[in-house]
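All chains, please: the whole structure from these sequences, using the hints.
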Amino acid sequence: MKMAIDCYTLFLSRYKLTSASTVSWIKRKNVQQLLTVGLTTYANDERFQAIHFHHSEDWTLQIKYVQPRDAGLYECQVSTHPPTSIFLFLEVVEARAEIAGPGEKFVRPGSTLQLHCLVKKSTEVPSYLFWYHNFRMINYDVEQGVNVSTDLVGRESWLEVPRASDRHSGNYTCKASNAQPARVLVHVFKGDNPAAMQHSMASSPSMMACTALLTMFITLKLALQTNWSL
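For the sequence shown, UniProt numbering assigns the number 1 to the initial residue and increments by one for each residue that follows.
Don't read these hints as lab results, they were simulated from the structure. Honestly, I wouldn't trust all of these hints.
Said to hold, decoys possible - Label pairs and their in silico Cβ distance ranges:
id: 1; residue 1: 93; residue 2: 43; range: 21 to 29 angstroms
id: 2; residue 1: 69; residue 2: 109; range: 22 to 30 angstroms
id: 3; residue 1: 40; residue 2: 73; range: 18 to 26 angstroms
id: 4; residue 1: 64; residue 2: 34; range: 15 to 23 angstroms
id: 5; residue 1: 71; residue 2: 124; range: 15 to 23 angstroms
id: 6; residue 1: 57; residue 2: 144; range: 57 to 65 angstroms
id: 7; residue 1: 189; residue 2: 125; range: 18 to 26 angstroms
Cβ atoms here follow ideal geometry from the backbone N, Cα and C, with glycine treated the same way.
The following block contains the structure:
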């Protein structure tokens, strides 16, 4: 079972109940950790909260500000006799930008510099994707000869400098709102470095991506189901 989340909150699972049975959430590890019973939180972590609305059959375990340490086996237990449980495995994966090609690029003066930023493993559309050159945002820097094209839904952006010059050397960063960054170092010089030279490229090479926020997404896998009835 796979579920998307925003940058701050994930909903671990929802279950349909036909009675007023008490629902408990437990984190299984070396020593099991009781998280919630009914709407009461027992975990010494305010990020965990049980959500249930009156007359609703849905029970939800909410985890705010998801962290890698939240990964593991969770148990949803209903107070039947004997107790009924469903076990779920939570995998936390970090969203990050990736740059095709090496982290260092060599460009001859007058040639075209192209960089392509792709955000991977992100479960939501980023609210922005900005390019920086030496920490200066350049998405709209037409005077510097920079053209930027961004597809937020596709989670990617392209930067192009049709006629690169010395002033275009330096560190480039692609900063998304919901992923770890990637960076690339660009050298514009008159020498010759065939192994790394990027010359009038027809396809988009690599790029970088930064982010102010760490986004996680989760994969929930049904590990075991015993005596579960609605």
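Hint-by-hint comparison with the structure:
no., hint, in the structure
1, 93 to 43: 21 to 29 angstroms, "holds (23 angstroms)"
2, 69 to 109: 22 to 30 angstroms, "violated (49 angstroms)"
3, 40 to 73: 18 to 26 angstroms, "holds (22 angstroms)"
4, 64 to 34: 15 to 23 angstroms, "holds (18 angstroms)"
5, 71 to 124: 15 to 23 angstroms, "holds (19 angstroms)"
6, 57 to 144: 57 to 65 angstroms, "holds (58 angstroms)"
7, 189 to 125: 18 to 26 angstroms, "violated (38 angstroms)"
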